[in-house]
Amino acid sequence: MGSKFRQFLIGTPLSSDRLAEERLGKVRALAVLSSDALSSVAYATEEILLVLVLAGSGALALSLPIGLAIAALLAIVALSYVQTVHAYPGGGGAYTVARENLGVLPGLVAGAALLNDYVLTVAVSVSAGVAAITSAIPELYPWRVALALGTVAFVTLINLRGTRESGRVFAIPTYMFIVTLAILIVSGLVRLLVGGGAPEAAPSGQVPAVTGSLTAFLVLRAFASGCTALTGVEAISNAVPVFKRPEATNAGKTLLWMGGILVTMFLGITFLSQAYQVVPREGETVVSQLARLTFGAGPLYYAVQVATALILLLAANTSYAGFPRLAMWMARENYLPRPLANLGDRLVYGNGILLLSALASALIIIFRADTHALIPLYAVGVFTAFTLSQSGMVRHWFTLRAAGWRRAAAINGLGALATGIVLVVMATTKFALGAWVVLVLIPIMVRIFMAIHHHYDEVAQQLSLAERWPEPVHHHTVILPVAGLHRGTLKAVEYAQALGGDLHAVSIAVDGTENPALCDRWQDLLPDIPLEVIASPYRSVLTPLLEYIEGFVKEEGDYVTVVMPEFVPTKWWHRFLHNQTARLLYRELVHRRTGWQGRFRILTSVPFYLTR
Numbered sequence: 185m186g187s188k189f190r191q192f193l194i195g196t197p198l199s200s201d202r203l204a205e206e207r208l209g210k211v212r213a214l215a216v217l218s219s220d221a222l223s224s225v226a227y228a229t230e231e232i233l234l235v236l237v238l239a240g241s242g243a244l245a246l247s248l249p250i251g252l253a254i255a256a257l258l259a260i261v262a263l264s265y266v267q268t269v270h271a272y273p274g275g276g277g278a279y280t281v282a283r284e285n286l287g288v289l290p291g292l293v294a295g296a297a298l299l300n301d302y303v304l305t306v307a308v309s310v311s312a313g314v315a316a317i318t319s320a321i322p323e324l325y326p327w328r329v330a331l332a333l334g335t336v337a338f339v340t341l342i343n344l345r346g347t348r349e350s351g352r353v354f355a356i357p358t359y360m361f362i363v364t365l366a367i368l369i370v371s372g373l374v375r376l377l378v379g380g381g382a383p384e385a386a387p388s389g390q391v392p393a394v395t396g397s398l399t400a401f402l403v404l405r406a407f408a409s410g411c412t413a414l415t416g417v418e419a420i421s422n423a424v425p426v427f428k429r430p431e432a433t434n435a436g437k438t439l440l441w442m443g444g445i446l447v448t449m450f451l452g453i454t455f456l457s458q459a460y461q462v463v464p465r466e467g468e469t470v471v472s473q474l475a476r477l478t479f480g481a482g483p484l485y486y487a488v489q490v491a492t493a494l495i496l497l498l499a500a501n502t503s504y505a506g507f508p509r510l511a512m513w514m515a516r517e518n519y520l521p522r523p524l525a526n527l528g529d530r531l532v533y534g535n536g537i538l539l540l541s542a543l544a545s546a547l548i549i550i551f552r553a554d555t556h557a558l559i560p561l562y563a564v565g566v567f568t569a570f571t572l573s574q575s576g577m578v579r580h581w582f583t584l585r586a587a588g589w590r591r592a593a594a595i596n597g598l599g600a601l602a603t604g605i606v607l608v609v610m611a612t613t614k615f616a617l618g619a620w621v622v623l624v625l626i627p628i629m630v631r632i633f634m635a636i637h638h639h640y641d642e643v644a645q646q647l648s649l650a651e652r653w654p655e656p657v658h659h660h661t662v663i664l665p666v667a668g669l670h671r672g673t674l675k676a677v678e679y680a681q682a683l684g685g686d687l688h689a690v691s692i693a694v695d696g697t698e699n700p701a702l703c704d705r706w707q708d709l710l711p712d713i714p715l716e717v718i719a720s721p722y723r724s725v726l727t728p729l730l731e732y733i734e735g736f737v738k739e740e741g742d743y744v745t746v747v748m749p750e751f752v753p754t755k756w757w758h759r760f761l762h763n764q765t766a767r768l769l770y771r772e773l774v775h776r777r778t779g780w781q782g783r784f785r786i787l788t789s790v791p792f793y794l795t796r
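If you use the working numbering, the sequence shown corresponds to residues 185 to 796, in order.
Because the hints were derived from the structure by calculation, they are not lab data.
Backbone N, C-alpha and C define an ideal beta-carbon position, used for all residues, glycine too.
Do not take every clue at face value.
The following label-pair restraints were derived from C-beta to C-beta distances [claimed, not checked]: (1) E678 x E284: 25 to 33 angstroms; (2) H270 x Q646: 41 to 49 angstroms; (3) S789 x P711: 21 to 29 angstroms; (4) G685 x I628: 46 to 54 angstroms; (5) S789 x S648: 23 to 31 angstroms; (6) P753 x E716: 49 to 57 angstroms; (7) G482 x V378: 37 to 45 angstroms.
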């Protein structure tokens with residue numbers, strides 16, 4: 185039943201030879217890999233205004249210059265990553281570039297920063313999407329956490345069904361958002377030019393109070409907050425192999441499309457916000473205010489809100505494309521658990537998808553799906569990865585020195601310088617607001633990666649055939665614990681006899697005396713196999729049985745196999761009614777280390793399948 189239910193949810197397994205069919209064209213790839221970056225238009229401008237308004241409404245005039253600076257930075261980063269895509273068509277993004285060109289430690293820092301940012305992307309995008317819904321339907325505000333968790337579950341399910349499936353699902357919301365935002369921006373511009381100027385913004389809700397003066401630090405903080413518009417730009421470079429051939433060419437074109445669309449929409453929303461003199465308010469987003477002022481409370485307003493909510497809710501899909509693939513690269517190199525490198529039934533890295541969902545859901549619960557509480561943690565990690573990636577690319581060009589390497593190095597050098605400056609600004613201005621958590625978390629993650637790698641190295645060394653070969657078996661003892669005489673016991677006896685060696689059947693008398701009925705039946709049915717009875721005055725089965733087993737392991741080359749009958753029931757809940765002693769014995773025999781003897785104890789389960 186479990187297998188059938190799973191196939192119902194995520195579909196039947198796909199053959200490995202269908203991997204090429206699961207690749208994406210540029211149109212679908214833009215929807216799958218760019219939804220995060222494009223969706224940031226819905227809140228990046230608002231984050232700038234939320235900081236500037238602390239110095240009064242007059243400071244909001246700086247939103248457009250700050251927006252222009254961010255747009256220029258976005259263009260630099262996009263061009264830099266186009267070069268990364270062509271230089272590393274195998275994918276891996278910042279992690280691969282930094283590790284190969286700057287060393288293992290910078291590579292792990294880049295990997296930790298990106299993994300952390302992917303988790304935050306899911307939490308922020310989904311929380312922002314829920315905020316767009318509750319802006320239009322305030323009655324849903326108390327249910328925002330449940331709505332966010334439900335969205336994470338939905339996105340997880342769609343991604344587990346495969347890359348092409350997610351492309352079909354997420355293409356419509358992405359392009360719906362692009363079209364509706366374009367209509368909003370064009371309509372707003374037309375109204376400004378020929379419609380009599382900006383509409384008057386009617387105050388509603390609670391306007392943030394003025395808490396300080398306009399300082400350079402406040403401007404830098406607004407700039408750092410608005411740089412959330414750049415999150416997700418690197419996702420395409422991490423997932424080049426998901427594109428149809430030629431992969432690098434298609435990925436580069438898609439990245440340029442995304443950069444152009446993102447810059448246009450971001451500057452359009454920022455310009456309209458300043459022209460309309462929109463002030464951020466609790467309970468209604470800036471995009472919602474712009475749409476209401478431009479279209480009124482009609483169908484176009486709700487179309488913008490629906491499209492914004494959908495793109496924000498589903499923007500998390502970019503992380504579901506990037507996180508599992510980055511985790512796969514790191515797992516293949518033994519810096520993360522190896523199961524994260526396993527390709528699942530639907531040709532996606534399902535373990536990485538589930539891990540991402542669990543971590544993002546935890547953040548949503550902890551921060552109560554509050555976008556503004558999560559934003560300070562956001563983007564510090566991605567700009568760390570940006571800086572390391574672009575620095576690594578500069579080293580790559582200087583090492584390769586192919587045709588045009590100076591121009592390429594200059595572009596990546598400019599990207600490294602710009603993103604490095606932004607990283608310092610972000611870490612400084614957002615440190616007290618929560619960025620310190622990320623700055624502390626990244627070194628901890630790097631330490632965990634190194635510990636995992638060290639463990640795998642130690643395991644490989646211990647398993648190496650260069651080590652001393654195991655001693656040959658000198659003597660083999662087979663022990664059969666007996667709780668009762670039935671068909672399951674007889675099946676275990678037959679298997680134990682087939683193993684060869686000395687067979688010892690043993691029964692533990694928990695009441696201190698042997699069971700005459702069991703002994704008599706055993707003698708009648710199995711007269712050639714003696715049954716030993718061990719008294720247990722303290723009513724323990726496990727302790728005397730373990731002592732009995734240990735007594736047979738005397739020197740190297742002596743093997744002891746414990747054969748345990750086990751019932752396999754037909755119903756899942758029946759499992760709790762049987763085999764408890766066998767499970768306890770397994771745990772003790774496998775995990776108890778008594779010198780070198782632990783290497784020579786073997787536990788074998790002989791299943792007996794119940795039919796009802």
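Hint check results:
no., hint, in the structure
1, E678 x E284: 25 to 33 angstroms, "58 angstroms, violated"
2, H270 x Q646: 41 to 49 angstroms, "42 angstroms, holds"
3, S789 x P711: 21 to 29 angstroms, "26 angstroms, holds"
4, G685 x I628: 46 to 54 angstroms, "50 angstroms, holds"
5, S789 x S648: 23 to 31 angstroms, "30 angstroms, holds"
6, P753 x E716: 49 to 57 angstroms, "30 angstroms, violated"
7, G482 x V378: 37 to 45 angstroms, "20 angstroms, violated"
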